Structures are given as C-alpha cells and as structure tokens.
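Use these hints to put chains B and C onto chain A, whose structure you have.
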Amino acid sequence: MAATTETVLGVFAHVDTTVRALEELRAKGYHDLTVYTPVPVHEIEDVLERDRPVSRVRLFTLLGSLAGLAAAWILTAWTSLRWGLFVGGKPPIGLPVSPPYVVIMFEMMVLFGGIATVIGMVVLGRLPRLRTSASFDRRFTNDRFGVAVHCAPARSGSVREILRAAGAEEVRA
Amino acid sequence: MSVAGERHTATPSYGDVNRDVMATLRPPGNLYFAWMCIVGLLLTCFFLAWSYQIFVGMGAAGKRTPQMWAMYITTFVFWIGIGHAGTLISAVLYLFRARWRTSIYRAAEAMTIFAVMTAGLFPLIHAGRMWFAYFLLPYPNQRYLWPNFKSPLVWDVFAISTYLSISTVFFIVGLIPDIAALRDGSSGWRRRIYGMLSLGWEGSDSQWRHYRRAYGLLAAFATPLVLSVHSVVSWDFAMALVPGWHSTLFAPFFVDGAIFSGFAMVLILVLPMRHFFDLRAYVTDRHLDMMAKLILVTGLVLTYFYACELFTSWYSGEHIEKASLFWRLTSTYWWALFTMYFCNCVSPLILFWKKARTSPVILYVVSILVLIGMWFERFNIIVPSLGHDFYPYTWGIYVPTVTDSTIVIGSFAWFFLLFLGFIKVMPSLSVVEVKETLPPPMKEAAHGGHH
Amino acid sequence: MKRRDFFKIVTATGAAAAAGGCQQATETILPLVVPNEQLVPGVAAWFATVCRECPAGCGVLARNREGRVVKLEGNPDHPVNRGGLCIRGQAALQGLYHPDRVSGPQRRNGAIFTSLGWDEALKAVGERLAAARGAGKGRGVALVTQLETGSLGALMDRWTEALGARPRVTLEPFGHEAIRAASRAVFGRDAVPSYAFEDARVILNFGADWVETWINNVAFPSAFARMHAFREGRTGTYIHVEPRQSLTAANADQWVRNAPGTEAALALAVLKTLIDRGLADRAYAGVAAQIDVKKVADETGVDAQTIEGIADAFGRGKPALAIAGGAAASGSNATQVQTAVALLNAATGNVGKTVRFGADWAYGKATPYAEVAKVVQAMAAGEIEVLLLGPGVNPAFTLPGGLKAADAIKKVPFVVSFGNLPDETTTLAHLILPDTHWLESWGDYAPREGVTGLMQPAMKPIRDARPMGDVLLTVGRAVLGAEEGKGPLPWAGFEAYLRAAWEPVMKGDLAGAQRRGGVWRDVASAAVAGRPAPVEATAAKLEGDAGGYALLAYPSLRMYDGRGASRAWLQEAPDPITSVAWDAWVEIAAETATALGITRGDVVRVTSPHGAIELPAYPTPTLHPKAVAIPIGHRYARYHVPRYVGAPSTSQNPVALLPAAAEAGGGIQYLGVRVTLAKTGARRPLAVLQATFDQDHRELARHVELGTAREEALRGRTEAHEVLTMYTGQRYPGYRWGMAVDVDACVGCGACVVACIAENNVPVVGKAEAAYGRQVHWLRIERWLPDGGKPEAQNFFMPMFCQHCEVAPCEPVCPVFAAYRTEEGLNGQVYNRCVGTRYCGNNCPYHVRRFNWYNYDFPEPLEVQLNPDVTVRQLGVMEKCTMCIQRIVAGKDHAHRDEKRPVRDGDIVTACQQTCPTRAITFGNLKDDGSAVSKLQQSPRAYQVLDEIGTRPGVSYLAKVVRADGAGDGGHGAPRAGYPPAADIRPPRQGGHK
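Residue numbers (our numbering), protein chains in the order written: chain A, 1 to 173; chain B, 1 to 451; chain C, 1 to 994.
Only chain A is shown next, with the shape it has when bound in the complex:
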C-alpha cells in the first residue's frame, strides 16, 4: 500500500485557508482528497460537491417507505381476510383498503423509511468502523480542519508545498 500512494495531511485553523488549499489542489489535479471538518461548512462543500452526484441515501429511503407501505397493506388485508370477522357491523375489509388500515400503512411506511435512511447513511458513510483512519486527527472534531491528499510518494513534496502555501498550521505525512 504505502509504496503506491502516500497521504499528506494539512491541518487548518480557518475555513478560508482550507478552501484556498482545496481550490489549489483541484487546480493542480489532485482529486483524491479527504476533508475533515468539525461541522459541515458550506464553503468547503461548495468546492467538493461540484463534480459529485447527490448522496444516494434518498434511494434507500424511497425503497424503505414503499416496502413499509406494501408490508402494512398485506398484513392488514391478509389477516382480516384470514378471519373474516364482522366487528361493529363492518365487513373484514373494504377494497382496495379499509379506511382504518390507512393509519397502519402510514405508520409502517414512516418506520421502514426512517430505518432504511439510517442504514443508507451508515453503509454509504462507511460506518461503523472500530478505529479511525491514519490521517484523522482528534482536533478535527473540535476546531481544526483537515485536508488529506492521497498521492504518489513522488509528488508528496509539491502537495506539502501547496498546503503550506494555503496557510496550513501543520503539514505531515
């Protein structure tokens, strides 16, 4: 691994400096970056999201919701037809669906949808992981911003240069 690529990490105290570094790197054609921020920052996102697709989490959500809806409809319809009991003068089921069952369907749609969303987030975000990656620094959840550049060992020098120039407090491999 280490032989092929090397990771250079720049630690920044300010958003604007971080953004500057990112612009610089992208201009130089470095696209394999990981940016660590304590909070999501618009300025940084603007730079990164330019050429990226929207998160696929919403797909999970959609499928989950539909699954929930279907499951609820099947559950209510099947069980009530299975027994075919009249209660309160009402037949077991009205087609396509008895009004009371709409409540169940709604709730299960929300439940499945919500859980699917979280699963989506966890999966796509490569979570959970037992230990943090090498380039991570605990300051990044506090008040520092980090830019990790994955590049060929040969080019690490210039990367360091760019980061320093952008105003990184600290640069390390």
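Please keep in mind that the hints were generated in silico from the structure rather than gathered at the bench. Don't take every hint at face value.
If you anchor each label on the Cβ, the simulated ranges turn out as follows [to be verified]: (1) A:56 - C:948: 53 to 63 Å; (2) C:625 - B:401: 36 to 46 Å; (3) A:78 - C:729: 18 to 28 Å; (4) B:37 - C:948: 29 to 39 Å; (5) B:55 - C:639: 15 to 25 Å; (6) C:948 - A:91: 22 to 32 Å; (7) B:293 - C:729: 48 to 58 Å.
Values in this document were obtained by computation on a predicted structure and should not be read as measured data. Every residue, glycine too, gets a C-beta built ideally from N, C-alpha and C.
Here is chains B and C on its own, set in the frame of chain A:
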C-alpha cells in the same frame, strides 16, 4: 463553569463549544444526587404500587363502571403530548431552518424519547391482564390470531412504537458527531466507550454529505409522524361513541395541546440546565422568547378549540351531548374543568408581556401551570364524559385510590430519572449544530470569534 | 319436543349420572325408577321436587350434574307456578351449599358449639324426652315447625300424639290468618281461598304484596300477566291501595296512597258507593250503611272523587276481584279489612268467579299466631321442658319484639333445633340436629288443595345431616321403648313412612308422579254464599308516641321472613324499588326527611315501645308522610361479614319493634306501632345500584297510552325508517338469535337476575364494591319513571342485559377481537383473548359489560354449585350476557343431532326467560318469521333502547301500555270499555330531545 462565566455575551468559538459541552459531563454535585434520591424514592413507590395492582387486580385502581378508563389513560395521553415539542423542535424547525433551535433541540429530543417511554408504560399499567399485552402485536403464531386493525388501540401500538423508533433513530443520528467530539475530548475508558458509540465518526466530507442528506430525510419523516401520532391518540376517544369524545375536532385539538404542553416541559427542563450548566451563551434570552411565543400561540389556539368544543356540543342540539356538557360544567368535576381553563387559557396570556417572555421565573411558573392544565384537560375529557354518558342507570363518580395516584406521580419520577441520567452521560447541547450557528473561523474576514 | 319428554329422558339417563357422582349414596339418593346400568356421565339429570324456601310450595326441577345440583328451574307441569320460579327459589342453591351450613350434631356449652356423634345426640334427646314424660310433663314437650302440610306434618302430629306432647305448632310469620277470619265471618269457611287473577277484569288490591311474598309470588304474577299484559288490545285494570309504593303497587295502573291503617274504611266506602250506584248487591247495603264517604275521604286522605273512580272501575269490571294483605293491612284491624274486602267480593258477585273456595291455600293449616304466642308465654312461664324447633323456623327473629321470644326460649331447659344454618334461634339451642336440605330430602308438600308436590333427593347430602323425620322416628321409638315395626311409629325411616303413605295416592305410578313432580287433581270450587257480616271501619290502633310515624314492617321480596337473607345472591340483587343491595334501610317520606334534616345514608335510630334499631335512611317521595317503612328479614350470614359487608351497627330487624298483640287475632301486626326517628349523626352509605330513576328524556323505557296501543294493534306496525350504512350488511348463514322483552309484562320481581347469576357463575362482590359500580350482574332490573311524570306515577321495570347489537360499539374498539360478532348474531366475548383494556366497557352505551376487577372467589362449598358448562372468568377480563350460549349449543345439538331438524321455539330457553313468572322475556330465532320473538319484534309496541345511536340491537323491548295519566278511569282498562274518545288517542311519547 467559571471560564464560560466570564463571557456570557461574547460569541463562543468552536473550541469553547467543545469545552463547555464537555463541562456539562463533569462529575455531578450533591444537589444532583439529592434530586436522584427523591426520584429514586418515588420510583420505588411506583413499582410497589404497580406490583400490588398486578397482584390484586385492577380493583386496586379506582376504576369502575362507567369510568373504565381514568387516570392511567389521562397520564398516558399527557406524556405522549409532552413528547411532541421535542420532535417539533428537532424536525419541523429544522426544515424551517429556524437556527435558534440548535441549542435546545438535543434536550428536547431526549425529552421526547423519555416522555414516550414513560407514556408507553401506561397501556401496560392500565391493562387488566398486562401479562397478555403482547396480544396487541401482530406476531405470527400457530393459531393465526391477529390483532384487530380496526381498533384505535392497535393504531396506538403502531403509531407510538413508530414514533419511539423514529425519534430514537433521529436522536442517535444527531448524536454521532457529538459523541465523536466527546471521544476526542476524553481519554481512557470513556474514550473507548464513546469511540464505540460514535461508530468511528471522523467528519470526513463523504460522511458529512450522506449524514446531512439522511438527517434531512429523517426530519421530513418525523414531521408528518409527529402530527399523526397525537391524532391517532385522539382517535382513541373520537372513534368512541361516548358523548364528549365523539368529535372530529379531536385530532388538531390534541396535536395543538401536545405542542403546548411539550414546550412547557422543554422550558421546565432547559431553564435549570441553563442555570446550573451556565449555558446562557447558548440558550440566550432570544431562545426563551421564541419558546414563550410558541407557548402563547398554541395556548391561544387551544382556547379557540375549547370554545369550539363547547359551542359544537351546545349547537348540536343533541340532548345527550348537551346533558354531558352541562354536567361537566356544573357537577362533581367542575373544579377540574375550571382549573384547566385557568391554566391553559388564562395563565399563558402573561406572555404577551415581553419581559415575562424572557424572565425565567415567570416562564417557569407558567410552564408548570400549563402542565397541570394539560393533565386536567385529558382528565376532563375522560372521567366526567364517561361519568355522565348515555345510560343514566350507571352514571357514577370516579374516586382515585392511593395505588393509581402513586403510579401517576411515580411516572414523573421515571421520566426525570431518565433525563437526569442522560444529561450526565451525553451532550445535552449539540456540539455540531451549535458550531454551525457560530460564524466559521476565518483568517481574513473580520469577526469577533477566535482570540 | 316438549319439556316434559325432554325431562323424562334426562331424568332416566342423568339421575344415574348423579349416582356416578357419589357412588355409595346411589341407593339412598335416587328414586328407584333409575336403573343403574344407564350411567351416562356428563349428562344433566333433572329431579322434580318442591321448593321449600317459603310456604308457597312451587314445583322445581333440580338440574344435577355429576351428582351435584347446579341449577333450579320452575317445574312447567306444576299447576301452582307453571314453570316460573321466584328470586328466592332461584337462590335456594346458596342455602344448599351454604358455607355456614351445620355439619353433624352440635352441642352448645356456653356460647361454643362442639360437634358430637348422632347416636350420642339422639340418645341425649331421647333421655330428655323420657325424663319429661316420666315426670308427667309430657305436655312440656313442644314441637315448633314451619308449615308442613304433607306426610312429614302428619308424622309429626302422630309423633306428638304418641309422646303425649303439646300439639305441634306451625309457625309461619305471614300466615294470612285475617283472610281465614274474614272467610269464616262472611262465607263461613275457615280457609284462604284461591284468587283467580287471570279471570278478573279489574283487581282492587288493599296492600297485598303478591309480587313480593303474598301467598304465592310466582302464581299471582303469572296470573296477573295473563290478566293484565297487553295482548291484541285486551288488558285488565289493576288498582292498588297502600300507604307505601311497594313493588306490587308500582305495577298498578292506579296507585292510591291512603293513610296507614285506613284500608277497612276505604273498602267499605267503595262498597257503599257501589251500592249507592246500584253496582252491587243491595243485600249488603246494611254493612256499609253507617259509612260517610266524605268522612272516609278525610280519614284516609283519598279524595271522594278517587273513591268513586275506584268504585266505578271495580263495579264495571265484571268479574272483578278485591284482595287485601301485606303489612299495611295487617294492623289491629286486619280482620275488618279482610272482611270488608270479602264483602266487596260477595256484593259484586265475584265469589265463585274470581274468589274460589275449595282449592284453598295451605296457609289455612298454619297455627294461628295467638296459639304460637301462648306457647311462647308457656316457655316464659317455664312450662316447657323440651322445645323442638324444625328447620326454617326462627322465632327469635320472626316473632314480634313485644313477645320477647328469645328470652322465653332461654328459659327452656332443653332446646333442640333441626335447622341446618346458624341463626338467631339455633344459637339459643342446646342441641342442633341438622336436617337435610330440602334438595337432599324425601317428602311431599301440598301448597293448596288438589296439589301434592313430591320431594325427592336431587343429590346426596353435602354435609352430615339427617332427615328430621328419621330423627323423630328413632327418638320417638326410643322414648316409647318400642322397637322397629312396632308401636305407633313402626317405620324404619322417614322414606319408608313416605312410601307407605304414598302407596294409596300414587296407585302404583310413583315413578310417574316423581317425574311429573307430584299429583294434581282439579278441585271443584265449593258453592259458598256470602252473608253481610257486620264490620266496623275502625282504623288500625297503633302503640307508641302519638306524634310518631306508623311503622310499616313489610316482608321483603328477597328475604321473606329472613330465610332468604343468608343467601349472598339475594343480598346483592338490589331491591327493585329502592335499588338497594345488601343493607337494610328505613324508608322515610321525603317531606319528613327534609323536616328532620335526614339524607340518604344517615343512620337513623328508630324507637318503638318495644325496642330500637339503627338503620340508614332512604328518603322516598312515595311513602305516606305519616309512615316509615322497614323491610323485614335483613340479616347477614356469618360468612358475609367481613367478606362482603362491614358488620351492621345494630340489628336490622324491624319485627323487634312490633307489639306482641297476641289477643287481637288476625296474625302478627306488622303495622302495630308508631315509632320516633332520631339522627344518630353516623352515616352508613347504602349500596344503591341505580344512579337515578329519571330517564332524562332518553326514552329507555317507553310507554304508549292504551288508546294508541289499541289503534296500533289494529293498524299494525308503521314502517320503520330505512337504515343508512356504507357497509355491506352481515349475512347469517344459520340462525340469528334475538330476544324480546315486554315491559308491559315485567313486574320487576328480579327472579331473572338471580337465575342469570346461578346459570352463568356470576360472582358476588360485596356491598362496597357493588356500591362503587363494580357488581358483575349480567342482567339487571331497572326501574324508570316516565319523563316529567310525578314520582308516584307509573313505574317501568326493564330487564337490561347485553343488547347483542348488530352494529356493536364494543366490537371494533377491541384490539384483539375478544369482542366480535358471531355468525348467529350474538355478540361474542372471548375471555381467553381479552387483555382487559376495558375500551368496550366504555363504548357500550348500555354499560352492560362487566369487568373482573379482582379474582372473585366462591367460598367453599359454593364452588360446587358452579355450572360446569360455563367458564369461571379470571381476573382482568370483560364479561357480559351471552344469551346463555351454553343453552343455545345444547339446544342446537338436541334439535340437529337427536331430532334431525332445525331449532324451534322452546328448544332453547335462556335462564332469565325460563324463570320469569310473567313470561316477559322471549328468546328465539329472528330469521324465522314464525318464531315468537320475530312476531314480538314486529309488534307495534316494539322499540330498541337508544336506537337513535344506530346500534341496531338484537334485543327489542315492548313499550308499556299506560292508562291516560294512570289515575281515575279504571273502567278504561276493562276490555268492554272499547276505544277511548278520540281526544285520548295521542301518539306515543317522542319526548326524547324536546
């Protein structure tokens, strides 16, 4: 707390936020333990009373014909209602990008979950054979016995379990980056535990983009959910024939009341935190003002609903409906009704006064009154309506017993036990979202933040 | 198939099953008609016997399962009660399985009873008797029993004769002696005649409580229904005169409230009016000559116009019937009252039509109260050496306080009681020799001439007991020194004696007679001529403070003279008029109560010259202001306290306040003293189960005026409004069960309540719980007043139970389908599935669903009575009327499997329907247009309670038919009165939401 104490007014930096939040997790003082003792004591009584009731039967509680429901369902609805403010703050205000929510939403969400957990006890406590309560779940069994999906009680099961799950998920998702921050701020076994709980969160760009998308979607789900849940609860009554219950007004009426009481509870929880954790820098007067305004508005809406309720049953010309109303107003339980009117309609009016909206003391008193009023609202819906319904032969008066009173009071202990525990192990202030509201640190741009 | 045949079959098979239950006893408990090879366990056996809860002597069928009697039903073949059974008869089982029941002989040392062997006990009795005879004090042996008209009575008399003891005394507190005296005076017969209610068009009643206790409270309501219940426009008129609105009065078309003790004057005033109007035989002019109607009006508080109205109605109703009785007519002038009434009947030619001598009631054989009093005085004087008290007699409780019976008994050196339940008298006995319960005994009883009911053991004795007859024979022979087969008492045992006695009567068909329940023959009514016996219209003389209130100690529907009180079922079934359960109370006129500042539940001290008792007050608007009323017979069994009720502060027995008045004749004076009232300041809240008698314009109990009812009866039902629904209706593949309740026929006697309890294993919850709305009764009797009506106006009695709604509010709210709709139109309740959310209980508009707030236990040995066909419900589940689902299943099995045909009317009879003396309840298949219930539900009077909610109940009620404003126009009711003037024809009240 001294450090933060010096700079109430100054805008804190990212670093300050982490430090101040960490500070809330410092080992607690005697006052905290004193509270815990009281709570523990009440909780013991709660469980003793409940065990006794399970042993001898529901007769231990003061229920009877015609009040087959009474204080348990009252308190159940009360707690469900409390929950709503939490979700409203965390989800609805999130969608509306109301930035002032950030410093209180964590506490509010915790409140939601604990309130729903408390409420969830009551159907069990209330059931004549609670050991068979699982009959209400649609679990596969060899005899193909299924619940009756037409029954509002089964709707409850679904609505409330969904509500609990989604709120919890929402809550945990919100916590992940904060726990990561705690992890990096702490050491030793705490660090290891937080490390696990944070799922190894790093705050890398890819994590953030999925995170933010997911959070938005969850908020979008939670919003209709919170409205549906209390509507469903209200249908427990609206779907029944009982005069005083059988009304289409109930869904919005209940939802509004829920938000009303919810915000009161948020204030009751946040004001002391603000004081003892010295979070004035984060929970500013503006926040109080906002919440006060919400209480005021929902209170006024509630008053309108009360008026509607009275008017419709009078205007219906329906003899039995009118008789029930008249009895509620004039007979045995009149005091409960008028307590409710005072607490819910009159007491919030003081919040028209700006000073009152930012005065913790007044807010606190109003909030307590509101909670009392809202408990009595549910009581007045359930007990007097049943006491004077269709059939004169069985009209009767419900009298609480020691058992059910103890259980009702004990439920508050259960709630506060959970909450007090929470604020000492988890960030009751959202590190990330508070930072988001702060101006990001810039080198060039002029700002009063970092120094 | 007819009940009779059914009953034949099951007796044969099931009696053997009974044997299976208790092997060693087979021979002793089964009529020998049952061959032992027919053992079919699990099948019920039915034994015909005679109810001995009171002297009425109704025929009952005892349902025996696995050797234990689990239910009693009226014997449909019995001419007296025709299948009906009263509330006390239904509760008799609780006497059989009474937790306090004495087991084996008991000897008293001081206050403690210790048991001893039978031989020892009998020896002790024998020695005592021998000693008494030896000392030449044979007359010092007294035998006091309840009314025993049959072989047992004969044996006892033979026994007393053989031993040279005093003539036997039969002690019946309600002996109707005044009727006998009057009959002697007017008709020259010492008898209680039979009264043919069913043949009368107008009944004028001076206080006789025939719904509660009078003579036979099954036969008369049943006959009354045939005379009075509205059928195709025909109905009779019933006028009731009494200072208090008793249950019987509450069933009157016109209730006239007179001043206490003035019945005689009133009756004579009516007679005079009749004669003046030429409506009566002038031969009787003399007896009423001195009557001045105006004066009577002042004296009685009944205005002259009303008196004339009564006379008019009575005179025009041919035949009419006048009767008198009850507490109000039992004053010092009891005989005058009865004589005046007898004269009314004689003068209007009712004798032989509605008043029949010949088939006389057995009460005529009871010992006159004066004789009883003499014996008591003899005891007090120390003339009695040995006192033998039969079962069912409780002189210490039932004899007037003035007589000081308890003290007298204490003076007797040796008292033997044959009672099998501890009571006020057994505690005074030196020796208790428990008799077998009548359900465990051989015997016979003739309630009236021509009817001899046979008693046979329906089961083996559940406690160590011996038939009194056996004991008398054994002891008698021992005393006489004769061995078996010799002397005046040769029989080995009572059974042997009976068989000997029956042989000539049965003519070899003993088995048949036992299956039928007895032998009956028609008795030709004797031709009697009335004579205008002189009678003066004096008011009853009352002892005590002239400023006080006349005390009406009235026999209780539930307790009779106290025999019923040990049955928890009766204690918990509320009194139909006051709706009070468990406790006794003192009824005080509302005016008086206000004046004295007394409210319901205040403990009031009631003082008479003969004693004082403290009871909670029950102010009532209907009682005469000059009177207070207390029900007789309230006492608690040992196991009731504290299990079901806190011990009462004092005795609840008003009889203790009454004067001895032995010389007067005419029986015990239940109206004999004035009492004073004093608030004690204490409170004892009463368990009043009905929250209010005002139906608040909800049309729960509807009524229609007679004219309208007749119009509609001709025109038929007006078309019911269309039911709008968005749902496809339910289809019923097989049957659809339903019921109809005729409010016009229901007299509110409450027999159905206890029948339901007995059939369906309904637990007893006790006073406090019942008061707090936690009684578990599946069926309740409701009393309603008409909207806006005066309290003393018409009362409506309504059995209310699960309405088995087609659109049942209880069903959809149940989260687990515990409440659901069966394919046969029943409202099912699955106990095992019930979680106890009680949502259904809230949502039931009728509040007929009952919840098991606790695990209710059945104190040993009462659990033996539990119906094996019905689940005993567990803590935390809902329950309610099932329309006797177990009977439905049995009936269907019988029809389909045994007879290969669909179910017909009569195959299935619910417990409440079966016991109802007035046949107010009908059950059947609504899909069969020919069934009785369908016809009734189509009747113009049919309505459904709270139908505006749209629950579409499977139970319909038939509106009560009332006379225009109840009062005054008695003649109206008489069939020959024809249609009333058009002005009177108004639509039935639609007062609902005005």
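Consistency of the hints with the structure:
1. A:56 - C:948: 53 to 63 Å: Hint holds: Cβ distance 59 Å, inside 53 to 63 Å.
2. C:625 - B:401: 36 to 46 Å: Roughly 41 Å apart at Cβ, these two residues keep to the hinted range, so it holds.
3. A:78 - C:729: 18 to 28 Å: holds (24 Å)
4. B:37 - C:948: 29 to 39 Å: violated (57 Å)
5. B:55 - C:639: 15 to 25 Å: holds (24 Å)
6. C:948 - A:91: 22 to 32 Å: holds (24 Å)
7. B:293 - C:729: 48 to 58 Å: holds (53 Å)
In summary, the one numbered hint that this structure violates is 4.
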